[in-house]
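Trainee: Please arrange chain B on chain A, whose structure you already have, making use of the hints.
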Amino acid sequence: MPKLAYFTRVSNSEEEQVRRRTAVFGALLVIVLITVVMSITIGSKSVPLTDAWHALTSPTGTENDIVIRSLRVPRTVLGVLAGIALGVAGALMQGHTRNPLADPGLLGVTQGAAFAMVAGIIFLGMTSLYAYIWFGMAGALIASVGVFALGMVGGRGGPTPVTLALAGTAVSAFLYALTSALVLIDEQAMDVFRFWQSGSIAARGEEVVWQVLPFIVAGLLLALINAPGLNALSLGEDVARSLGQNIALTRGIGIAAVTLLSGASVAACGSLSFIGLIVPHLVRPLSGTDHRWLLPYSGLVGAALLLFADVIGRVVAPPGELEVGIVLALMGAPFFVALVRRRKPVRL
Amino acid sequence: MRLQARDVRLAYGERVIVDGLDLGIEAGTVTTIIGPNGCGKSTLLRALGRLMKPTGGEVLLDGKRIDKIPTREVAKVLGMLPQSPTAPEGLTVADLVARGRHPHQTWYRQWSSDDESSVTEALAMTGLADLAERPLDELSGGQRQRAWISMALAQGTDLLLLDEPTTFLDLSHQVEVLELVRHLHQEAGRTIVMVLHDLNLAARYTDRLVAMREGRVVAAGTPHEVLTEDLLRGVFDLDAKVIADPVAGTPLVVPIGRRS
Numbered sequence: 001m002p003k004l005a006y007f008t009r010v011s012n013s014e015e016e017q018v019r020r021r022t023a024v025f026g027a028l029l030v031i032v033l034i035t036v037v038m039s040i041t042i043g044s045k046s047v048p049l050t051d052a053w054h055a056l057t058s059p060t061g062t063e064n065d066i067v068i069r070s071l072r073v074p075r076t077v078l079g080v081l082a083g084i085a086l087g088v089a090g091a092l093m094q095g096h097t098r099n100p101l102a103d104p105g106l107l108g109v110t111q112g113a114a115f116a117m118v119a120g121i122i123f124l125g126m127t128s129l130y131a132y133i134w135f136g137m138a139g140a141l142i143a144s145v146g147v148f149a150l151g152m153v154g155g156r157g158g159p160t161p162v163t164l165a166l167a168g169t170a171v172s173a174f175l176y177a178l179t180s181a182l183v184l185i186d187e188q189a190m191d192v193f194r195f196w197q198s199g200s201i202a203a204r205g206e207e208v209v210w211q212v213l214p215f216i217v218a219g220l221l222l223a224l225i226n227a228p229g230l231n232a233l234s235l236g237e238d239v240a241r242s243l244g245q246n247i248a249l250t251r252g253i254g255i256a257a258v259t260l261l262s263g264a265s266v267a268a269c270g271s272l273s274f275i276g277l278i279v280p281h282l283v284r285p286l287s288g289t290d291h292r293w294l295l296p297y298s299g300l301v302g303a304a305l306l307l308f309a310d311v312i313g314r315v316v317a318p319p320g321e322l323e324v325g326i327v328l329a330l331m332g333a334p335f336f337v338a339l340v341r342r343r344k345p346v347r348l
Numbered sequence: 001m002r003l004q005a006r007d008v009r010l011a012y013g014e015r016v017i018v019d020g021l022d023l024g025i026e027a028g029t030v031t032t033i034i035g036p037n038g039c040g041k042s043t044l045l046r047a048l049g050r051l052m053k054p055t056g057g058e059v060l061l062d063g064k065r066i067d068k069i070p071t072r073e074v075a076k077v078l079g080m081l082p083q084s085p086t087a088p089e090g091l092t093v094a095d096l097v098a099r100g101r102h103p104h105q106t107w108y109r110q111w112s113s114d115d116e117s118s119v120t121e122a123l124a125m126t127g128l129a130d131l132a133e134r135p136l137d138e139l140s141g142g143q144r145q146r147a148w149i150s151m152a153l154a155q156g157t158d159l160l161l162l163d164e165p166t167t168f169l170d171l172s173h174q175v176e177v178l179e180l181v182r183h184l185h186q187e188a189g190r191t192i193v194m195v196l197h198d199l200n201l202a203a204r205y206t207d208r209l210v211a212m213r214e215g216r217v218v219a220a221g222t223p224h225e226v227l228t229e230d231l232l233r234g235v236f237d238l239d240a241k242v243i244a245d246p247v248a249g250t251p252l253v254v255p256i257g258r259r260s
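Top to bottom, those sequences are chains A and B. Using full-length UniProt numbering, the first residue of the first sequence is number 1, and each one after it goes up by one. Using full-length UniProt numbering, the first residue of the second sequence is number 1, and each one after it goes up by one.
Isolated chain A (complex conformation):
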């Protein structure tokens, strides 16, 4: 049966695989678009689709136009950016540490950002959101560089997953202790910190989007460059090195990408737990272990999940809103338990 053999050949070919994976990418993109539409139209004030379209294409200053253009659109765009950033950062982090429970917070970015913001408020008297975010980003970057440097001590030729995890935990705990001590002596800092800690994409405005955009774009570029190297690295350091991969360089690029992505999102939105942890697990059945697909898929699923959780938070407790960070944690915990129970977690 030569015909049969022909068909098996085709179904196994690289081309077919690329076609299938491109189709999945398209499907995920559609899901993101649906959540974008939900995020623009659903909320404490629901806006019909036609009005939303009107506001986006030819605004005339109606109440709905204002709600959509000044609140919903920046909020949605920030949600998409932060979701992409956290999803990709989570997949990178799990790939680099070969640890299915790793998340971007492991590099100390969350506590770094928190400490820098609180310190800026107390010692420099910062009051604008815009300034907080610059400080948060700087704090995230510095903490991550510190963790990286500390992780190198004792490791031969660059930090290993274990030294990174240890250094990340130590630095995070230290910064958290400092932050806790600082907010006790300053009420304004305490308020900002509490709000920031719960994690939200609301009321950030357009400037914040522009502020974090370059960091996220740079982080995504580094992540894409990192993908083939990460594929080699997933076979173990020895095999990766035998395949001609420069391990230290690959790790460096990966960690820079995680820092930029999670630093930007954590500074703008506060601590958003679970996205970086869960999304790669959701995506792996679709993408397999190839990071050239795992990373983009994770970005899209991250964006959809973040927007979906944000919409839930808007409708679940009227007339108020629940912060997206809290919704994510509430959704994430049982979800993660289910994931672990359904099948054994994918070993990396």
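Hints are computed from structural coordinates only; laboratory data are not their basis. It cannot be assumed that every hint is accurate.
Stated by the list, open to error - Just the calculated beta-carbon pair ranges, DEER-fashion: (1) A:V340 <-> B:P36: 42 to 50 Å; (2) A:L178 <-> B:A11: 34 to 42 Å; (3) B:R6 <-> A:V162: 30 to 38 Å.
Claimed, not checked - Cβ-to-Cβ under 10 Å is the rule here; a few derived chain B residues that face chain A: (4) L51; (5) T71; (6) P85; (7) E89; (8) L96; (9) H102; (10) Q105; (11) D163; (12) V254.
Glycine is no exception: its CB is placed at the ideal position from the N, C-alpha and C atoms.
Mentor: Showing chain B alone in chain A's frame:
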């Protein structure tokens, strides 16, 4: 001389494993390094495959210092399979073998017809064509080991270093892997260096044996020259009779007991 260690010193931190070692690997030969546990044979292989940097001396690949050649260029000439490598769960045989093409790819040029044919050939050579779409974790130990060797083959290097490629395999799978090594050597003219524990199989499938003890080369030569009763006593602390293998005529070690 394809690969050469000159006055090499290898250490993990303060602990010196190998000191002042010289070894040359001729083109087109199969060389096996033998020796008791902890004698430094795997360490030496790692250094030959530039996975470990010597703290003294130098390793030469085709006459050039291996650490001065860009690692990607080395990867086009020299393939190395470390001891019991691990793959992410769910990775298929075909995907694993395809990753052997890594040194030939760049991030803007991912997959070529060269890659395709190398992978197909590597799968065929290891008899894995029918298992190509199966996840690695569903295969038997012998098949899995063949898949890893297949990855190293797809890399397309004529120099292959294999660290204990037969560990954890039953006898028939050990023979299977070594038959493949012989095939690669005889049909494809590849140069192979491996570490093996089974002396009798090493004798049968090898041109040249290198016996190590405590980080030094004690003897090197053909299996007949190296596998003697004296050497077994000196290197392995083993009293043994060496007779002719009734099948291949190579030396066959029959242990009597460990020397007290």
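Trainee: Each hint needs a verdict: does it hold in this structure or not?
Mentor: Verification of the supplied hints:
For the pair V340 of chain A and P36 of chain B, the beta carbons lie near 44 Å from each other, so the given range of 42 to 50 Å is met. Look at L178 of chain A against A11 of chain B: about 40 Å separates their beta carbons, and that is inside 34 to 42 Å. The beta-carbon spacing between R6 of chain B and V162 of chain A, approximately 34 Å, falls within the hinted interval of 30 to 38 Å. With a cut of 10 Å, the hint placing L51 of chain B at the interface with chain A holds, because the nearest CB-to-CB distance is about 5 Å.
Checking T71 of chain B against chain A by beta carbon gives a least distance of about 5 Å; that is within 10 Å, so the hint holds. A least Cβ separation of about 5 Å between P85 of chain B and chain A falls short of the 10 Å threshold, and the interface hint therefore holds. Hint on E89 of chain B holds. Least Cβ distance to chain A is approximately 5 Å, under the 10 Å limit. For L96 of chain B, the suggested interface contact is upheld, since its CB lies about 8 Å from the closest CB of chain A, less than 10 Å.
For H102 of chain B, the interface hint holds, since its Cβ comes within 10 Å of a Cβ in chain A; the closest pair sits about 4 Å apart. The restraint placing Q105 of chain B at the interface with chain A holds, with a minimum CB-CB distance near 7 Å, inside the 10 Å limit. Residue-level restraint check for D163 of chain B holds (minimum Cβ-Cβ distance to chain A is 9 Å; threshold 10 Å). For V254 of chain B, the interface hint is violated, since its Cβ never comes within 10 Å of a Cβ in chain A; the closest pair sits about 36 Å apart.
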